[in-house]
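A.B. asks: Each chain is listed here by its residues.
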Amino acid sequence: MTDTEQFEVFMRQYQDMVYSTCMRLLANDTEAQDIAQEVFVKAFERFDTLRDSPTAGGWLKTVATNLCINHLRRHRWRWLSFSELTNSDQQNSDDHHIEFAAPDDVAETLARADRYALVEKALQNLPAAQRVPLVLFHLEGLTYEEIAAKLNVSIGKVKTDIFRARETLRRKLRLKLGDI
Amino acid sequence: MHNGNDQQLEAAVDRVLKALPPLKAPDTLIPRVLAAIEPAASMRWYRRPWQTWPRALQLALLCVAIALCAGLYVGIGQIANALRGTHVAAQLNDVLSTLSAGRQVAIALANAGSLVLARLGTGWLVACGVLVLLSYAACVGLGTIFARLAWARNSQN
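Chains as they are written, first to last, in this note's numbering: chain A, 1 to 180; chain B, 1 to 157.
Among these hints, one or two may not hold up.
Mimicking DSSO-like on lysine-lysine, the simulated pairs with C-alpha atoms at most 30 Å apart in a straight line are [said to hold, decoys possible]: (1) B/K18 with A/K150; (2) B/K24 with A/K121; (3) A/K172 with B/K24; (4) A/K61 with A/K121; (5) A/K157 with B/K18; (6) B/K18 with A/K172; (7) A/K61 with B/K24; (8) A/K42 with A/K61; (9) B/K18 with A/K42.
If you are wondering where the hints come from, they were derived from the structure by calculation, not from laboratory data.
Just so it is clear, the structure is predicted and the values come from calculations on it, not from any experiment.
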């Protein structure tokens, strides 16, 4: 098996994970594919060390995350415009009332795949300024401090954005707490 | 109460997001990557960046580099010792005897050179050799950076 063939096997193993990371951070299919491609091109350059490495997945995820954040930084105007949008319309509808689980929770009536699709859609519809820190916190396992450092914003802003993102998800998904 | 709700919401969102299965990558991703790496993959190993060479070749090159450095160190020392022990000026006098015009100048330079070599010692010679090597490495490094920048611009265009 040639190097390229081995690399193709390697890509098949990790392509969904890399693409998911990019898609959830960027919420744009074309850009996610571009960044995923960049990640794998970088991986090919060091395939000799990655092919048998047990940390290859972690390496790919870190590179994907960093490239996505760099990509967002390059398009800072969009980032800022999203940040500015977060205050007005979202806070008006924040009622801070949390619904608790009911026996006929919506999750029980939806097929699991549909529910995943709903969550993905809600996530992708979040403004970038909320989605990125939320994904970094919940899916990448970064702390508030690490996120603030990565995004070059204050810890307070990170906490606020993540809180707003959770509230938005709660409303959009009619998230009921307790039995999820 | 509010804090309790926040914690519950955090936990709920965490569970919902962590339960998400990975998204399926589009079928076009692998062909795209393969097309992008094809030029690099088809390139011979010695034309690729050193970091991408096979590990065995990297180690071999490292050994050769160390051997070259050691050889250079020993060689320069030997040459310096040999020059110190011979009458360079006298030898040059014989060789250059036919060249009357430049003879005196050459003898003076040779004398000065042998004096300098004798005074400087091996350490300085080795330092000069290392300086030359470092300068060469800097040239190679800068050249690589400029080439990569130019290559990146070309590929963006």
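A.B. asks: I'd like to know which numbered hints this structure contradicts. Please list them from smallest to largest.
C.D. replies: none
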